[in-house]
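*Asks:* What follows is the residue order along each chain.
Number of protein chains: 2
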Amino acid sequence: MTAAYNLHIIENCLKCDFREDHLFCNLPREALIKLQAIKATSVYPKGTLLCLEGQSPRGIYVLCTGRAKLSTTSAEGKSIILRIAEPGEVLGLTAAVSNTPYEATIETMEPSQANFISQGDFVRFLQEFPDVGLKVAQQLTHNCKCAYSEIRSLGLSNSVPEKIAKLLLSWAQNPVNIPRKIDQGIPIRVTLTQEEIAQFVGTTRETVSRVLGDFRKKGWLKVRGATWCILDKAALEKMVTT
Amino acid sequence: MTAAYNLHIIENCLKCDFREDHLFCNLPREALIKLQAIKATSVYPKGTLLCLEGQSPRGIYVLCTGRAKLSTTSAEGKSIILRIAEPGEVLGLTAAVSNTPYEATIETMEPSQANFISQGDFVRFLQEFPDVGLKVAQQLTHNCKCAYSEIRSLGLSNSVPEKIAKLLLSWAQNPVNIPRKIDQGIPIRVTLTQEEIAQFVGTTRETVSRVLGDFRKKGWLKVRGATWCILDKAALEKMVTT
DNA sequence: GAACAGGTGTGATGGCCGTCACATCCCCTT
DNA sequence: AAGGGGATGTGACGGCCATCACACCTGTTC
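Heads up: the protein sequence lines correspond to chains S and Y, in order. Just so we're aligned: the first sequence equals residues 1 to 242 in my numbering. Just so we're aligned: the second sequence equals residues 1001 to 1242 in my numbering.
Relax, there's no trap hidden among the hints.
No more than 30 Å apart at the CA atoms, straight line, and that leaves these computed lysine-lysine pairs for DSBU-like: (1) S/K145 - S/K78; (2) S/K78 - Y/K1078; (3) Y/K1233 - S/K78; (4) Y/K1233 - Y/K1218; (5) Y/K1078 - S/K145; (6) S/K34 - Y/K1135; (7) S/K135 - Y/K1034; (8) S/K233 - Y/K1078; (9) S/K78 - Y/K1218.
These are computed hints drawn from the structure, not numbers from a lab. This structure is a prediction, so every number in the text was calculated from the model and none was measured.
Please put together the full structure from these sequences, using the hints given.
*Replies:* Here is the structure:
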């Protein structure tokens, strides 16, 4: 089914249709030409580890298509998901800018295309084009904001059900390109396992299972494979305090 | 006692003795001259609110002396400390770069000097001098790293005692300019109340009190006013897993 | 010195959720 | 069709810690 990844490969950044939607790629022509010269495009299967937490930085990745999971792990093996990166994001930036080890392990969640730029090329690219610096700053602020929102979720929520409700609602915000059937309710695509959801909200798999079961029993949520449906958004919103 | 703040005011950035130690201020002469022109220096008493979470950004502050507390609050009034900013840091940067509301409330913890730069001046300053962009990126990576370490603390720790031990150890890392007496042990200055410590690690004041009492009873810690002393660093380290 | 406010120590109680254990289901491979 | 591995559902139990309540202790103000 996903043989040959079933992906349309974007070879040329100058002709990329998504350029304007992608935060980092919306650059002046001059910069794009340079980018085109120094980037190395690859397609990675699901589950590829792009960066390993603790490794010294080799460079950055610009995610063209697909999504990737940023996570960090404790000495005990417990791990927590920092965020899910979307197409257009720059990965490994914190490490590259400060020349310190990668903060997170980055794993592709789907077959993904990414452009790799080596540390040296990236630094030169950054110095040559002021616009690139601005894009870098914007990506970093995005990282910060995601991190702060995660901190709020972990530190200010009262209960696990609340955190899960918050997560579901955040997923419900970005519109999903799923044929919206008559049965009212907001469809969302969930490609995370319960284990991963647990890592996202800082709890255990069992608790996630129980909470989701509870939401279903209350008629707030319907689960059909990877497409879920939020039936009672108001009820979920009533749970969250932030 | 603290009348007239007892502070030496740094009027001229070009002649500032701390310039090289301060992340943001170590700029080329040209940029410093411009900075000197657009900045507004003020001294704020302890407890001043420099930014309010949710407000639209008016500009940034460069913290010259003193320390400031960045925190975020839930609708219920529960709040959590994101980090403590040290001299040389730029505050309100995330908001200024992305032109979105301040992510945190920033409160001075001591009488502090800060240079304010308005949003417009800052953006022009940023565009004019590439070095400034680099400094901004470095400050933002610092913010990210602090946030990630907070996430690790909140999400990956097993217990509150572990988090508090971790916090004490992190304080023990930066050397404190306190006359180190013969009684071996690492002296640290703690200007946070137990309530604030609780907000830092995401727990309650009572639990902090109990845990600190426990540490004292075990002979790991000594508290004398605002100067504490870590007597058994190894024991604290054995508690933390990350 | 009395009054007061903010910070701290400590007991009792109860509920949330982590942990362990196992059953079940679904999808893929052979 | 059989088998296997990953994902999920669910029960029992217990401990950590939030919550409430109050005492104490310090420094400040009048």
